[in-house]
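Asker: Sequence:
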Amino acid sequence: DIMVCAGGGAGGNWHAGGGGAGGMKVVTGVTASAGSHSIVIGAGGAGGTANVGSNGADSSALSNSCLGGGRGGKYVTTAPSIGGSGGGGSGTTVSAYYTGAAGTAGQGSAGGNGPYNHAGGGGGGKGGVGVASSADGNPGGNGGQGLTNLYRSGSNVMYSGGGGGGSWGGSSASSGFGGG
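In this text, residue positions in the sequence shown follow the numbering used here: the first is 12, and each later residue adds one.
Fair warning: there could be bad hints in the mix.
Cβ pair distances, simulated, as ranges [as the list claims (entries may be wrong)]:
| hint | residue 1 | residue 2 | range |
| --- | --- | --- | --- |
| 1 | SER47 | ALA146 | 18 to 26 Å |
| 2 | GLY46 | ASP147 | 52 to 60 Å |
| 3 | SER71 | SER164 | 19 to 27 Å |
| 4 | ALA61 | GLY117 | 31 to 39 Å |
| 5 | THR104 | SER164 | 40 to 48 Å |
| 6 | GLY117 | THR88 | 15 to 23 Å |
| 7 | SER145 | SER44 | 50 to 58 Å |
| 8 | SER166 | HIS48 | 37 to 45 Å |
In case anyone wonders, no lab produced these hints; they're calculated from the structure.
Using N, Cα and C, we set each Cβ at its ideal position, and we do this for glycine too.
Could you put the whole structure together from the sequences, leaning on the hints where they help?
Answerer: Given below as structure tokens:
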């Protein structure tokens with residue numbers, strides 16, 4: 012049995028949506044033959060300090076792959092991206108930018124909407140969709156929950172939680188449990 016997790020998407024930088032969690036798959040009954048196998052661990056997306064952030068990188072192991080998380084949206088210039096889990100929509104009243112991006116079936120969930128000025132929606136997580144921003148524009152939406160797994164440590168650990176959305180007024184949203 013294996014678990015594959017990809018890198019999370021980055022948030023945006025201006026009334027930003029939260030980054031989506033990297034895709035996560037738990038696959039049972041996987042066998043590996045003796046010898047070398049290629050395993051790719053995807054990095055998280057680069058943050059958007061002066062520009063829009065980037066998607067997370069894909070991961071793969073033993074013929075199973077996951078998509079990196081989608082980047083969060085940026086005000087009225089950049090829509091969020093589809094990924095393992097989708098990025099959250101930016102904090103604007105323009106629907107083309109505030110709608111959270113879709114996640115990939117079997118890997119994650121959609122990002123939350125940011126339908127109010129100045130507060131972005133949370134990025135999607137493996138265990139749940141990102142939360143929409145609040146009507147008063149503060150705070151942004153929380154990231155979607157991750158999912159627990161015990162393969163790595165023998166105890167349940169949460170993986171692939173979405174990032175919280177940004178806000179204008181200074182109240183930050185929380186990442187989904189298992190996100191950063």
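Asker: So which of those numbered hints doesn't the model satisfy?
Answerer: 1, 6, 8
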